[in-house]
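J.: Given chain A's structure and the hints, the job is docking chain B onto it.
If you read the protein sequences in the order shown, they are chains A and B. In terms of the working numbering, the first sequence is residues 1 to 199. In terms of the working numbering, the second sequence is residues 200 to 442.
It should be emphasised that the hints constitute simulated quantities derived from the structure, not laboratory data. Just so it is clear, the structure is predicted and the values come from calculations on it, not from any experiment. The beta-carbon is built from N, C-alpha and C at its ideal position, and this holds for glycine as well. Any given hint could be a false lead.
[Stated by the list, open to error] Example chain B residues on the side facing chain A (calculated, C-beta under 10 Å, incomplete):
(1) Ile213
(2) Tyr223
(3) Phe257
(4) Leu259
(5) Leu262
(6) Thr266
(7) Thr301
(8) Arg308
(9) Gly316
(10) Phe326
(11) Gly345
(12) Leu347
(13) Tyr350
(14) Met398
(15) Met400
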Amino acid sequence: MASTENKKMGWELKEIILVAMCCIVFGVVYLVAVYLSSFINTACTPMGLGFLGNELLFGVWFMASTFAAYILQKPGVALVSEIIAALIEVLLGNMYGPMVIVTGFVQGIGSEFAFAAFRYRRFDWTSMMLAATFSCIISFVWSFVRSGYGELALPLLVVFFIIRLLSSALFAGVICKVVADKLARTGLLKSYALGRAHE
Amino acid sequence: MRSINPGIKLATLIVASLMLSLTYNVAVNLAVCVVCLVATVATPGVHRRRLVIAMLPFALTALAFFTTGLFFGSGGASNAEAVGVSTSAFGQRTLLATDWTTAMQLASRVLAYGGLGMLFAFTSNAFELVMSLMQQFRLPPKFAYGILAAYHFFPVVREEFGTVGAALKVRGVKAGPFSTKRLLPMLAHALERSESLAMAMESRGFENGAPRRIAFRVPLRVRDAVFTVVVLAAIAAGLLLTS
Numbered sequence: 001m002a003s004t005e006n007k008k009m010g011w012e013l014k015e016i017i018l019v020a021m022c023c024i025v026f027g028v029v030y031l032v033a034v035y036l037s038s039f040i041n042t043a044c045t046p047m048g049l050g051f052l053g054n055e056l057l058f059g060v061w062f063m064a065s066t067f068a069a070y071i072l073q074k075p076g077v078a079l080v081s082e083i084i085a086a087l088i089e090v091l092l093g094n095m096y097g098p099m100v101i102v103t104g105f106v107q108g109i110g111s112e113f114a115f116a117a118f119r120y121r122r123f124d125w126t127s128m129m130l131a132a133t134f135s136c137i138i139s140f141v142w143s144f145v146r147s148g149y150g151e152l153a154l155p156l157l158v159v160f161f162i163i164r165l166l167s168s169a170l171f172a173g174v175i176c177k178v179v180a181d182k183l184a185r186t187g188l189l190k191s192y193a194l195g196r197a198h199e
Numbered sequence: 200m201r202s203i204n205p206g207i208k209l210a211t212l213i214v215a216s217l218m219l220s221l222t223y224n225v226a227v228n229l230a231v232c233v234v235c236l237v238a239t240v241a242t243p244g245v246h247r248r249r250l251v252i253a254m255l256p257f258a259l260t261a262l263a264f265f266t267t268g269l270f271f272g273s274g275g276a277s278n279a280e281a282v283g284v285s286t287s288a289f290g291q292r293t294l295l296a297t298d299w300t301t302a303m304q305l306a307s308r309v310l311a312y313g314g315l316g317m318l319f320a321f322t323s324n325a326f327e328l329v330m331s332l333m334q335q336f337r338l339p340p341k342f343a344y345g346i347l348a349a350y351h352f353f354p355v356v357r358e359e360f361g362t363v364g365a366a367l368k369v370r371g372v373k374a375g376p377f378s379t380k381r382l383l384p385m386l387a388h389a390l391e392r393s394e395s396l397a398m399a400m401e402s403r404g405f406e407n408g409a410p411r412r413i414a415f416r417v418p419l420r421v422r423d424a425v426f427t428v429v430v431l432a433a434i435a436a437g438l439l440l441t442s
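Chain A on its own, in the form it takes in the complex (with noise of 0.2 Å):
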């Protein structure tokens, strides 16, 4: 870990195209997931739920962060990747345009603030679930600005937030932690932190 703490807070190229590089990724499957779930979110739009399949997703928006945060194990990369992956969207030509780049700002502090909680020090399920969860909570109350959720019934809202936390801890936390860990034990990680852990 020793090592990880000298160069604190600066970026490597690779590290840069390496953090883009797997936005892509979860990019492509999320679009496809997307189109699965718009199938649920018509077939519950006339019951007034048309908004679940999208909260059922919503944690593959934290992956970014959470991923590279846990590879990298650094300082600002759980923020600074989340706002990568936003600026992607944007390139690829996200409906949501402009907007994104905010939300992903405020998902990164979310997951950021998680990591910084253990100084830095810890990366395992313990601060990988808070990651989750704090994305979760914080991309929520955004939801409040964002989206008008104050407009909504409180049993709704319980519902949507119980919803999205168990999709980030999904995503964000477990799928996100066991790939990074079966991708370290091929050896492919060893220039990055997660590759050195686990040598």
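T.: Same frame as chain A, but now just chain B:
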């Protein structure tokens, strides 16, 4: 629209979206949506059929928000106890007119975001946007070029998704889009690719600290300032006048 500095346009539209997100003004939301769409269509070279297709998810999302607001608005909370219990109750619900305003507020806002998003997506170029962020907004060059390099791999990665899926299928492995079996090879490729990309860029003399010349200058002109002022003033005026 195309000639406006993309970075400035991005910043302006972000501020505009934030202004709309702090208020619930149906008329202004709808006006923003219409004006944006008209401006997008009026821009020469915009692919109209693609615009209509792109608007479709928005219409669906707006509809979803509309019904959600209609049935589960905070004003109609008395109806909402059944939410977590069973969905069969929804079928019996009669339309109560109480929450039309909530429904309109939520749905019109989605449409307004949609308009702003379309205006940006259809009139901006990814490369120019990144160049503008680097030149006018001090995005470090290693981020700018690193992100652009990865961005160009999008079609490759999209194809790879299908390839990996087919490879798994051949071996009789069932894998959903988020299965680790599918993510792992894709991320492994992404890792290898990012390392060789970085190495290629550095071996060709890409260094962050070194002084750079810029081949593609994204200009900053008077019209950019005019655009910002007009858009923001129009929304502010609309919000003030109709409230």
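J.: Okay, which hints does this one fail, numbers in order?
T.: Going through the list in order, the structure violates no hint and respects every one.
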